[in-house]
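Protein chains: 2
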Amino acid sequence: MEEVILGFLSSGAMTGYDIKQVMSVSTSFFYDASYGSIYPTLKKLEKKGFVTSKEVVEGRKVKVFYSLTDKGRKEFLKWLEKPSAPANTKYEFLAKLFFARHLPKDRLLAMVSRHISEIREVLSKLQMIEKEMKNHADTYQMYTLKFGIDFFTFLATWYENLFEEINAGTEKGEETGDGQ
Amino acid sequence: MEEVILGFLSSGAMTGYDIKQVMSVSTSFFYDASYGSIYPTLKKLEKKGFVTSKEVVEGRKVKVFYSLTDKGRKEFLKWLEKPSAPANTKYEFLAKLFFARHLPKDRLLAMVSRHISEIREVLSKLQMIEKEMKNHADTYQMYTLKFGIDFFTFLATWYENLFEEINAGTEKGEETGDGQ
DNA sequence: GGGGACATGTAATTGGTTACATGATTAC
DNA sequence: GTAATCATGTAACCAATTACATGTCCCC
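Protein chains in written order, with UniProt numbering: chain A, 1 to 180; chain B, 1 to 180.
You may find that some hints are simply not true.
All copies of an identical chain are treated as equivalent in the list; a pair is satisfied when it fits inside any one copy or across any two copies.
[Claimed, not checked] Below 35 Å or equal to it, Euclidean Cα-Cα: the simulated DSBU-like pairs (lysine-lysine) are: (1) 105 / 48; (2) 82 / 61; (3) 48 / 131; (4) 131 / 47; (5) 146 / 131; (6) 47 / 125; (7) 61 / 105; (8) 146 / 61; (9) 134 / 105.
Just so you know, these hints were derived from the structure itself, not from any lab. In this text the structure is predicted, and so the values were computed from the model without any measurement.
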């Protein structure tokens, strides 16, 4: 988290609020944070000397802008090159699929199709963002968006296949639900 | 987490150690936990009345077996049908890709290929598990494994494409690295 | 004057990890 | 006899969320 915030600040001073806004339209599908995490993290980063804050008065409102220090930039670049595991732990829906033998098939099918429509929702949101971002985002930011779109497309088709397979099983009259 | 443990117990009494073992060969790529999480969770579940424990003496060793109560089974089934978001937050490598403009391209390419080989490692591990599991896992457990294999295959090909695209860009002599 | 977006923050709690501590059993 | 794995657990710590608290600005 700390490093991601440094990353956002690497293209200029921002407020905590700004960071949250930018996150929610650019990285939220693979990296998100709440205000309750962002603000304290910024203070922590300041204490560590990775960022500096500047209060800017706008009318009678005071905004707090944070900017990277050299030390902070170094820290960020160090993080950037550090290898990171492909681990993608905690996918709740899949955990449910793992235990799906305890569910009657009609309920399971309902769950799967619900999941598919949620995936499709995210997908269309990402596609809208992609259109808006085109031009004023850099190549790599577009790649990550592309990843999101490709990934959720993969998910949608995967679960559509799953639906068909389960459905085919049902028609043949397999065992369903939880007798225990 | 609590519910996943209930899920494991739904097919019979197990020790905390057993749960961890089974997890690591069946769900670890989408759901994992440490002993320091499993044991306290089991005690918590017992306090809530979702499981009961039984100490079984084996030689001079004492194993603690946990089993589901009716209340626990109900809780588990309730969880199973509750909708869960497709959110897959915190994918560190993608966050790094998002900020990759700060990296010289050769370093980025090295990172990507490193990531690809880590993905391939997970993939071959999953394929081995699939062979072992075939027959003594149920349909749905095989589906989740299949998901893992398909997902990591997707990742590998996606990043291989990315590698080629970045590489093509380099050859044309694009801007590289971080001047700041 | 009320609702929504702007803007900043704290406190309580949750959910987990890592490291530590301990001891038995098995296999070499 | 010693290393690996089996087996259980606790304490310290950490990262992050939710809920709360406060207030401004702007538009209808």
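Going down the list of hints, with the structure as the test:
1. 105 / 48: Close across copies (30 Å), not inside one copy (54 Å); limit 35 Å.
2. 82 / 61: neither (40 Å within a copy, 43 Å between copies)
3. 48 / 131: For residue 48 and residue 131, the Cα distance exceeds 35 Å both inside one copy (38 Å) and across copies (50 Å).
4. 131 / 47: Neither: 39 Å inside a chain and 52 Å across chains, both beyond 35 Å.
5. 146 / 131: Result: close both inside a copy and across copies, 11 Å intra and 33 Å inter.
6. 47 / 125: Neither way: residue 47 and residue 125 sit 37 Å apart in one copy and 43 Å across, limit 35 Å.
7. 61 / 105: neither (57 Å within a copy, 42 Å between copies)
8. 146 / 61: Intra 38 Å, inter 54 Å, cutoff 35 Å: neither.
9. 134 / 105: between (43 Å within a copy, 22 Å between copies)
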